[in-house]
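Asks: Take a look at the letters that make up each chain.
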Amino acid sequence: MSKQLLCVKNYSKFLAANIISVFIVTLVFSAVLHAQPPYSADLVQGGNRWLLDAYDDTDVNHAYVNTVGLCFAYAGTQGSHQRYTWYSDTFKGWQGTASQEGDQIFLHGVYANGKGRDAVQLRIIINTPRSGSVGHWQEWRDNDGYGEVIGFANARMIRDPGQPCAMTEAEALDEGFFFPFFPQPATTDNPMTYKP
Amino acid sequence: MRKTKQYVQTKCRTLLKVSLAASVLGLSTLSYAAAPYLPDFVKDGNRWSFKAYDDASPDHTTLVAAQVICFEYAGISGNHQLYTWYSETFPGWSGNAVQEGDQIFIHGDYANGAGHSSIQLDTLVAPTINGSAGTWQEWRHDGANGQTVNFAKTRALREGDCTLTAREAANLTPLLDGDPVITNVVP
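Same order as they appear, the protein sequences are chains A and B.
194 is the number that my numbering gives to position 158 of the first sequence; each next residue is one higher, with no gaps.
568 is the number that my numbering gives to position 27 of the second sequence; each next residue is one higher, with no gaps.
The shape of chain A in the complex, shown without the other chains:
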C-alpha cells in the first residue's frame, strides 16, 4: 500500500470520527436547550430518602465530616425546573426547597429557627440502583456581620433505596415528636457537623 493510500485511509477515519463527535455534541446541546421536566432520574422516584455526606473542602485530603438524611417530595414545576420540598430525618427542624434541571440540583434550606442556612449544589444523578451525585455544600449562621461560616464542604448524596424516611415532614417538624434516633439538636448544633 502506498503512503498516499495510507494517508487517505487515515484521513477518512479522522473525518468519520469528527462527524460522529459533532453529531454527539449537537445531540447533547439540543437536549440541554430543550430541557423540560420531568427528569429521570429524579429525587423521589426510586426512593425519596437520600444520604448527604460532607467532606471538608479546605482539607487537602477532603476529610469526611458527617452524613445526614434528607427526604424529598415533589413540589411542582417552574419553567424548566422540577421543584421539591425537603426535610431532614436526622436533624430536627432542618428543611428547605430544591430545584432540578437535568443533572443539576440546587438545594437551599434553614435550621435553628432560621438562624442557620444551607445551600447545596449537586451534579450528575447516577440512575438507580447507584443513584449518586456529587457537588458542594455551604453552611453558615447569621451573626449580624458577614455570617459565621460552619463549612465549605464537598458533598456526595446517594439514594437510600428501600429505606423509607423515618418520619413524615409533619412529624419531623413537630416539636413534641421524638425518636431515640431523632434527638432534639441543641440550638448551637449545625447539620454539617452534628452527630447525635
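Simulated from the structure, these hints should not be mistaken for laboratory data.
Just so you know, these numbers come straight off a predicted model, no measurement behind them.
Keep in mind that a hint or two might mislead.
What the hints assert, rightly or not - Which residues of chain A face chain B? A partial, calculated answer using Cβ under 8 Å:
#1 D78
#2 Y100
#3 H117
#4 S135
#5 E137
#6 G138
#7 H144
#8 G150
#9 A155
#10 H172
#11 W176
Idealized CB from N, CA, C, for every residue including glycine.
Got chain A sorted already, so can you dock chain B onto it with the hints?
Replies: Frame of chain A; chain B shown alone:
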C-alpha cells in the same frame, strides 16, 4: 509500508507518554492546590458586577441589570483563600466567600438576615477579561421550606475598585424590601 507503520506506532507511543505525563502532572497540581491563587477577587480590582439570569426560563431571561459586590481578603483556611464581601448597590447585603483554584463559593444575607444568597462560580478568567460564570440561589426565611426568590445563572465581571469602604457600606440602611437577585436599586 512496514517502515511507515513502525513510524506511526512510534509516534503514537510518544504521544501517549506525553499525554500520560501531562495527566499525572495535572493531577499532582490539583492535589497540591494551595492559596494564594491568581487571579483572585481583590488584586487587579475588588469591585465585581454580578448579573443574574432566570435558570427556570428556557431563554435564561435577565433578572437584574447588575449588583456590585466588593471583596476583601480575610486570610487563608487550609487550601481556601477566604474573603469577606459587601454590596455597593444593595444596602445591607454582605457575607463570606472562599476560593480554591478557579472555584469560588459565596454566601451571604440581606434584609437584616431575613434573606439568604448562595453563589457558586467556576473559571475565574485572568485579566483583561476577568470574568466568571456560575449559579446563584436566593431565598427568604418563611418559617417553613423557605420562599425561593430564584434559582439563577450568573455572570461576574471585574470593574476596577470599589468606592465604598466596608465600614461605609455597613452604615447604610439595610434594604428590607426587594431581593438582590431580582431587584435593581441603582437608578
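Asks: If a hint holds in the structure, say so; if it doesn't, say that too.
Replies: Hint check results:
1. Violation of the interface hint for A:D78 is found here, the shortest Cβ-Cβ separation to chain B being roughly 16 Å, above the 8 Å cut-off.
2. Restraint check, A:Y100 versus chain B: the minimum CB separation of about 15 Å is more than 8 Å; hint violated.
3. The interface hint given for A:H117 holds, since its Cβ lies 4 Å from the closest Cβ of chain B, which is under the 8 Å cut-off.
4. At about 4 Å, the closest approach between the beta carbon of A:S135 and any beta carbon in chain B falls short of 8 Å, and the interface hint on this residue holds.
5. Annotation: interface hint on A:E137 holds; nearest CB of chain B at approximately 6 Å, less than 8 Å.
6. At a threshold of 8 Å, the smallest CB-CB gap from A:G138 to chain B is about 11 Å, leaving the interface hint violated.
7. For the restraint placing A:H144 at the interface with chain B, the shortest Cβ-Cβ distance is roughly 5 Å, inside the 8 Å limit, so the hint holds.
8. Evaluation of the A:G150 hint against chain B yields a held restraint, the C-beta minimum of about 4 Å falling below 8 Å.
9. A hinted interface residue such as A:A155 counts as satisfied when its beta carbon comes closer than 8 Å to some beta carbon of chain B; here the least separation is about 3 Å, so the hint holds.
10. For A:H172, the interface hint holds, since its Cβ comes within 8 Å of a Cβ in chain B; the closest pair sits about 6 Å apart.
11. Taking 8 Å as the C-beta contact cut-off toward chain B, the hint placing A:W176 at the interface holds, the least distance being around 5 Å.
Against the hints set out earlier in the document, violations occur for numbers 1, 2 and 6.
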